[in-house]
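FYI, the numbering used here numbers position 27 of the sequence shown as 27, with every residue one higher than the one before it.
FYI, nobody ran anything at the bench for these hints, they're computed from the structure. Just so we're clear, the structure is a prediction, and the values are computed from it rather than from any experiment. From the three backbone atoms N, C-alpha and C, an ideal C-beta is built for every residue, glycine too. Wrong hints could be hidden among the right ones.
If you anchor each label on the Cβ, the simulated ranges turn out as follows [as the list claims (entries may be wrong)]:
1) 21 / 42: 16 to 26 Å
2) 3 / 29: 12 to 22 Å
3) 41 / 11: 13 to 23 Å
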Amino acid sequence: MATYRPATMEELRSLHGVGYHLSSKYGRTFLTAIEYYIKSVA
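Assemble the whole structure, with the sequences as input and the hints as a guide.
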């Protein structure tokens with residue numbers, strides 16, 4: 001996920017292995033973590 005750096009739920013769902021159920025349950029957490037990662041390495 002850090003490689004593709006999805007910023008929206010749609011981008012997250014487009015990743016292999018991430019479906020509606022996973023993104024609905026954990027999507028916001030993943031997106032927040034990815035956003036934090038991007039800001040910390042910039």
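Output the numbers, in ascending order, of every earlier hint that fails for this structure. Violated hint: only 1; rest satisfied.
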